[in-house]
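Peer 1: Sequence:
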Amino acid sequence: MFNTPAPYILLGLVLYFLTYRFYARWVDKKIWETDPNRPTPARLYFDGVEFFPVSKYVLFGYQFKSVAALGPIVGPVVATLFFGWAPALLWVIFGNMFIGWVQDYSAMMMSIRSEGRSMGPITYKLLGDKARKILLIYIIFYLIIITAVFEWTIVDVFNRVPGTFTAVLFVLAGGVVFGLLIFRMRLDVLLATLVALAIVLVGYFTVVLLPYARQPGTNFLDSSEFFVSHNFDKRLTYPGTFTVLFWLIVVSILYYISSITPMPRFLLPTVYVGYLPSIIALVLVLIAAVFTPISGLAIQQPAMKEFYVDPLKDPRGGPLWPILFVTIACGAISGWHSLVSSGLTSKQLEYETDALPVGGGAMMTEGAVALSSIASVMVLERVTGTAADYVQGATLLTTSLYRIPAVYMSILYGIFVAVMGLITSMLFVRVFRLVMAELFEDTPLGNKHISTLLIIILSGFLAFVGSWTNLWVFFGGTNQLLAALALLLVAIFLASIKKPNAYVFIPGIFMTVTTLAALAWETYVYGLYGVLNTPMPVQKSVAVLYGNTLVQVANILSAAFGALLLVLGVLMSYYLLAGWAKYRRGQK
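Mapping to UniProt numbering: the sequence shown position 443 is 443, numbers consecutive.
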């Protein structure tokens, strides 16, 4: 075996390129038969709010930043902590090659060929109202869990890496300015991008030049110290060290704004601008990983570790199968991507032929993010299983090659992680609001303000009590099951129009079995801690500060969520498989 990350990262990148060049293009041309002259929903139903054509270059950035969040960063870190980097690497590479991009691209094409409809209406058309309602209820609880997981991690980074939030504010400001330049002033995309990038860079250098951010020892606080900082009155003078509750309130305000404002005014341009520093940070760390033979960094983590981790030792663990396949969420495949591709991006695609570079290309790029995460933890002597591991490892890789002071790179990767999580989770809240409106039309729960506040309160509570570490695997199970359901739905759609569908059906079956097993396991783990009346390790500080009852309420609530999602997942899988069999037989 090689002693540096370089050959393994290169192997992944080459295989992604070959997959896109041959397999993906074959699917695009032979199965979907995309045509640049066929009008897309963006051009047919232009309204300037949800439907409007966007350049594929901007849309690629939007899609990438919408789907690439904390999953490809934290997932490989946790997987490497328990199982070693080799299983994580293999799943990231081959999962993406045969399942990940397949779902993103195919869900987008299914929506485009269905007049821009999202998964709910398409399910109604193909399988009926009962299946549609089951799917929408599943998505609602899934979005609560995924928002809670990301919210905790964002707050964690804001506390651990001083100055990160200030830099993120400049990213948000750059997004607002970019939106004004593009959609109001009709400025050239390249020029508007340069203006937005300049604003982002001003924010970055504003942070790194401030004395507080440069003080040694202010980064990567121990997680136990972090939880003690729940004391709301304990503040330092610089934004970046405020308490957990304060940051939860700040993030909630951003969630609310992103949910209720029109897409072109805030969310779409902000997502695109967030892509700019993210892609710069990604390229820098990938180059550093490829050149580790020159920088002299060797692999410190073992290739293989455990095949089974006792949940009482660490609730994030469990058996290698199915836990590895849901721990790495998004780097190999993610159900969230199907919601973005079918519910958002498909309404802005200018030409059908843009679906492959936007949908498939963005997913391959997210796979590169997961590869960069694996490379980052490979060179660390100690892994804790948090987003801070990625910041620390990426900083080590880049400073060793480029000889840049660590403060510049640690803040860059702190911004990278925070932006990846914050902007994508703003989309979670918006999609939740849209799903609630579809399911509870003409009722108070369908009101955009009430539904937005509902997810903010529920996810904020779960994040506050520190359930995120085990919720991460829980989120992975629900997330990957949604991906399985999306793949099976595409298979039904293709069968209904007499097109080959094995390329989505087979991965859909594998993911269905795997994720239902993972959901059953995670429900058992939460139930175990609830029965034992014992807080999880990361919850102990919260239990001391606020009482064990609060923690147990969160665990019991999570176990109930798990049981419900498992039942909904089994029901939805039944409807999808029955529907696929019906259309395969040629019934109407």
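Calculated directly from the structure, the hints in this document are not laboratory data.
All values derive from a computational prediction rather than experimental measurement.
A portion of the hints provided could be inaccurate.
Stated by the list, open to error - Calculated cross-link-like contacts (lysine to aspartate or glutamate; reagent style DMTMM-like; alpha-carbon spacing at most 20 Å):
| # | residue 1 | residue 2 |
| --- | --- | --- |
| 1 | 133 | 441 |
| 2 | 125 | 115 |
| 3 | 130 | 381 |
| 4 | 56 | 115 |
| 5 | 448 | 50 |
To be verified - Here are the computed distance ranges between Cβ atoms for each label pair:
| # | residue 1 | residue 2 | range |
| --- | --- | --- | --- |
| 6 | 90 | 564 | 52 to 62 Å |
| 7 | 453 | 574 | 13 to 23 Å |
| 8 | 556 | 450 | 36 to 46 Å |
| 9 | 381 | 55 | 40 to 50 Å |
| 10 | 14 | 556 | 27 to 37 Å |
| 11 | 195 | 46 | 18 to 28 Å |
| 12 | 169 | 448 | 22 to 32 Å |
Ideal Cβ positions, reconstructed from N, Cα and C, are used throughout, including at glycine.
Peer 1: Please work out if residue 133 and residue 441 have their alpha carbons no farther apart than 20 Å.
Peer 2: holds, 12 Å
Peer 1: Below or equal to 20 Å on CA atoms is what counts here, so check residue 56 against residue 115.
Peer 2: Since the Cα atoms of residue 56 and residue 115 sit roughly 19 Å apart, the hinted pair holds (cutoff 20 Å).
Peer 1: Check whether the Cα positions of residue 130 and residue 381 lie no farther apart than 20 Å.
Peer 2: violated, 52 Å
Peer 1: Looking only at beta-carbon atoms, does the pair residue 556, residue 450 fall within the given range of 36 to 46 Å?
Peer 2: violated, 25 Å
Peer 1: Between the beta carbons of residue 453 and residue 574, is the distance compatible with 13 to 23 Å?
Peer 2: About 34 Å separates the Cβ atoms of residue 453 and residue 574, which means 13 to 23 Å is violated.
Peer 1: Given the range 18 to 28 Å, decide if the beta-carbon distance of residue 195 to residue 46 lies inside it.
Peer 2: The hinted range 18 to 28 Å holds for residue 195 and residue 46, with Cβ atoms some 26 Å apart.
Peer 1: Can the restraint linking residue 125 and residue 115 be considered satisfied, given a maximum Cα separation of 20 Å?
Peer 2: Satisfied, since the Cα-Cα distance of roughly 12 Å is no more than 20 Å.
Peer 1: Does the Cβ pair residue 381, residue 55 satisfy 40 to 50 Å?
Peer 2: holds, 45 Å
Peer 1: A range of 22 to 32 Å was offered for this pair. Does it hold for the Cβ distance of residue 169 and residue 448?
Peer 2: Because 25 Å falls inside the window, the suggested range holds.
Peer 1: Straight-line Cα separation of residue 448 and residue 50 no greater than 20 Å?
Peer 2: holds, 15 Å
Peer 1: Does the Cβ distance between residue 14 and residue 556 fall inside 27 to 37 Å?
Peer 2: violated, 48 Å
Peer 1: For residue 90 and residue 564, compare the CB-CB distance with the range 52 to 62 Å and indicate the outcome.
Peer 2: Roughly 32 Å apart at Cβ, these two residues miss the hinted range, so it is violated.
Violated hints, listed in ascending order, are 3, 6, 7, 8, 10; each of the other numbered hints is respected by the structure.
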